[in-house]
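Here the protein sequences line up with chains H and V, keeping their order.
Just so you know, the first sequence maps onto residues 1 to 249 in this note's numbering.
Just so you know, the second sequence maps onto residues 1 to 306 in this note's numbering.
Do not rely on the hints blindly, as some may be mistaken.
[What the hints assert, rightly or not] From the derived model, a few chain V residues whose C-beta atoms are all more than 12 Å from chain H:
#1 Arg135
#2 Phe182
#3 Arg265
[Stated by the list, open to error] Partial chain V-side listing against chain H, Cβ under 7 Å, derived:
#4 Asp2
#5 Pro6
#6 Asn59
#7 Val62
#8 Gly108
#9 Val240
#10 Ala242
#11 Leu249
#12 Val253
#13 Gln270
#14 Leu271
#15 Leu290
#16 Gly291
#17 Val302
#18 Val303
If you're looking for bench data, these hints aren't it; they were derived computationally from the structure.
Even for Gly, the Cβ is constructed at its ideal location relative to N, Cα and C.
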Amino acid sequence: MRRQIALILLLAGLLLAVRSVPARAEALVADLTNHLVAITTGFTGTSVTLFGATDGTGDVIVVVRGPERDLTVRRKSKVAEVWVNTRQVTFQSVPSFYGIASSKPLDDIAPAAVRQLHQIGLDNLRLTTETPLSQTEAEEFRAALLRNQARAGLYPSGVGQVTFLGDRLFRTDLRFPANVPTGTYLVQVFLVRDKAVVSGQTTPLVISELGLDAELHDFADRFALAYGLAAITLAALAGWLASLPFRNA
Amino acid sequence: MDIYLPIAGVSVDVFVLLGLGAAVGFLSGVFGVGGGFLLTPFLIFIGIPPAVAVASSANQLVGASVSGVIAHWRRGNVDFHMGAVLLIGGFAGSAFGVWLFALLRRLGQVELTVSVAYVVLLGTLGSLMLVESSRVMLRRHRPGAGRRKLHQHMWIHGLPLKMRFRRSKLYISAMVPTGLGFIVGVLSAIMGIGGGFVMVPAMIYMLGMPTAVVPGTSLLQIIFVAANVTVLQAAGNGTVDALLALLLLVGGVIGAQLGSRFGSRLRGEQLRGLLALMVLAVAAKLARDLGVRPDDLYSVVVVGTE
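This is chain V alone, in the form it adopts within the complex (with noise of 0.2 Å):
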């Protein structure tokens, strides 16, 4: 059953869009991020323009986002504190992506701008995963090999306007989050994503949190990183689908119910080497259609909409 979208201009069948927002409903459920890094590439796929399909996945984000957080904060696990200090890097992240996006529109080159920077981005993370994920699988075979220091200090430490987060039991500079958020903010508005497969690592590695409230904190951060994209992006470049983003949420929703139990069968190392492997075959499919030869050298797009 087709249905027309009115903002992407196209007529889509109703069930690609629930069950495409199912799947990566589910993925999410399981491993704990948004998938919008396997979202957006989806719905380009299916006939989306680009520029339509990252401005509607941060949109379903924010609900997917409330969703997520919502069920988080009933088990006690955000930390509003440092969600907080994230969100003001991240509000001037996004407005300084959406800038970037309009005048790579202006340019030409979305498109590239989007791929490139998947590769990198998922390329760099999904070979990290591995290696830490099969270290730790190792280490299970060969008990008392290995102990880590309890905390280790690295520069980052050394960075001044230092703060107190309770809940994460964090002593740190305010910088270093602050920082964090501006990065993913720019990743959200130019990719369409969250940012949860970058900020969750770097949650973990870089800012020392504990694990059980990184998912929650993260999400938090994500529904107002996210919700600003999406105005911003309908304000400014007017390409927010938002029937696109409610049919992708009803799949959404019932997918990530299915995947959060699926996922809590499984290890979290086999978890998290399973989560690299699949970034990274997305990656690797993304930087092979970058070298391949288009069938035509020629695209044509309506000056004001791509």
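Pulled out of the complex, with its shape left as it was, chain H reads as follows (with noise of 0.2 Å):
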């Protein structure tokens, strides 16, 4: 309740900067309630709202895009009665989240030509791989990934809704899972005006480990031998504490 409240005079406040300077006025202002989300060791997964003002009617399109990896896919195959991974293929540079929102169906308010010109939509996303692969083999791995990553909720199917109050102001809720990667993430919103994006906004977002399992995490791969020499004397020491109440046994 105390959040929503929090956000309707953030929402006013926003509202009345943009009418107060009508002069240079941009045609697109967004922004997130939180540029930080904190992976803690209790954490199950979150939600970011996202809101913002347009300078007239017109339709929002909002993109996630988590950091870029490298992924690899495999394919198993059937070799004397046991499945072997027998195929891989390397995609490079592939957003590790991939999450949309509109305030209308994509169909209705952007042609082909524009969600492929500014990656609206999975079927958008650019994908290229290490190596050249024929048509049907670039489909199916292409097809695999976005399937892989689907089940793993890193890329939600179904376009989330962007909503309007009134006809300026709107706004989202972006839903990030349990599993998220950490990094910094890019949240763009597409102003399309007439099947047409007039204007567009990037917004960082930041995912990362906070506490002490970023420190542990950070310390592990700072010093790998150190961690290493730790985790078995830790281990080590727990075993000795816990023969401890039956010394006498």
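Grab the two chains, each in its own frame, and use the hints to assemble them into the complex.
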């Protein structure tokens, strides 16, 4: 409830701000309620609200892209009664998360060419492989990548709803699952008018491990050998402590 | 209550981990084996990436074995001399195993290798133990039948570099325990197991050690092999989740104490028979999974994390 009031106040403030500078007004202004999502020990997923205003009527499309990673897709086939990975393809710089929201069905507001240009929708995500593939194989592996990412909850299927409050104010909730990858996300907001993108804005969102977990992970990365030694010392100590109560048994 | 595991990068229910640790600890208390052969498949089953499951199980094993060795050492049942010789082979084996593991990761065959290794090992050992224990059980009903020779000579006893092991009352070639240590070291690195279920039968049947000193000595060398694997995995592959290992240990310690009390009420051959059935059940499950067509023939991994 308190968050909602804060949001309304923010939106009102934003509206006033937009009104008070009519001379050089942006066609589109958007921001997140939170620019940093902290993954702590109890993290089970979260949602971040995006809100904004346009300078007139139009539709809004929001695309969330996670930090880019190289992904390897492997295909199994049956070799002597056993399923074995027999083919692997590596895709370069694939967004580790991809979500989309729109104020109206995409087909109604943006033609295919526009969506392709701005990589709006999973079908238009540009994916490149390390080594060139045949047409059929490329399609097969691309579909497999999208399917697996969707199953892991990293490429949510369907289009989220961007809600307009009146003609100019809009908001949407961006949802992130518990297994969301860490790093810097880009939230792209497109203002679409008469089947063309007339304005766009990109806002960063940082998802990062915080607290003890983050420090542990950081330490494990930077001082791998010391981390390994600490891990065995800790385990040995725990084992010794555990044997104490049973000394006389 | 979910907890986020930093290295594994997934959220898992704390109570599932504690319960899993306790169940595996119970079994290790009953049977005197580490239980890693059950732990690693279960961790993979609940969604921990295979590489992290293998490496963190090794870490967990360090603690569990320390606890076990202390208990056996108090009763004077540890052959330190034999342990040291086993270790020489163990260190070489685990270093080789970690290198092999990294190679398999690049080739994308970790999962398959681990599964096949489990099926072959568990299947063979389970069958051998089942045959042995049921023979003993049958023999109880026919007293006097089938007296065995006190000491059997095999090709193993003809090898050079003979060495005397007082505690184990043995005079054998040092190459035998070194070779055994090497094999167990490799297994430990690629399967995340201490190798207790390989080491224990091998010590009894191959080396001919007295049964009383076997568990303590086996656990002693497992501490060092598992510690070596943990450090090498952490430094080379970055796959050790210390938090995961600690949570498993907490449950494991409690389970092990309950298990050892329960185990003392059963006869030796009954214990071995039960263990054999359980080992065979795991092997059968893994073998079946290898041949079942996966729901999706394609899988995706982030490069360098697997």
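query: For the hint on V:Asp2, does the least C-beta distance to chain H fall short of 7 Å?
result: Hint holds; V:Asp2 Cβ to chain H Cβ min 5 Å, cut 7 Å.
query: Is the interface hint for V:Val303 satisfied, with its Cβ closer than 7 Å to some Cβ of chain H?
result: holds (4 Å)
field: Interface restraint verdict for V:Pro6 against chain H (beta-carbon cut-off 7 Å)
entry: holds (4 Å)
- prompt: Under the criterion of a CB-CB separation shorter than 7 Å, is V:Val62 in contact with chain H as hinted?
  reply: holds (4 Å)
- prompt: Does V:Val253 meet its interface restraint, that is, does its C-beta lie within less than 7 Å of any C-beta in chain H?
  reply: holds (4 Å)
query: Does V:Gln270 meet its interface restraint, that is, does its C-beta lie within less than 7 Å of any C-beta in chain H?
result: With a closest approach of 23 Å, the V:Gln270 hint is violated.
field: When the least beta-carbon distance from V:Ala242 to chain H is tested against 7 Å, hint result
entry: Interface hint status for V:Ala242: holds (4 Å vs cutoff 7 Å).
- request: Using Cβ atoms only, decide whether V:Gly108 comes closer than 7 Å to chain H, and label the hint accordingly.
  value: holds (5 Å)
- prompt: Any CB of chain H closer than 7 Å to the CB of V:Leu249?
  reply: holds (5 Å)
query: Taking the closest Cβ pair, is V:Leu271 under 7 Å from chain H?
result: Given a least distance of 20 Å, the restraint on V:Leu271 is violated.
query: For the hint on V:Leu290, does the least C-beta distance to chain H fall short of 7 Å?
result: Interface hint status for V:Leu290: holds (5 Å vs cutoff 7 Å).
message: Quick check on the hint: V:Val302 CB to chain H CB, less than 7 Å?
response: holds (5 Å)
Taken one by one, the earlier hints fail for this structure at numbers 13 and 14, listed in ascending order.
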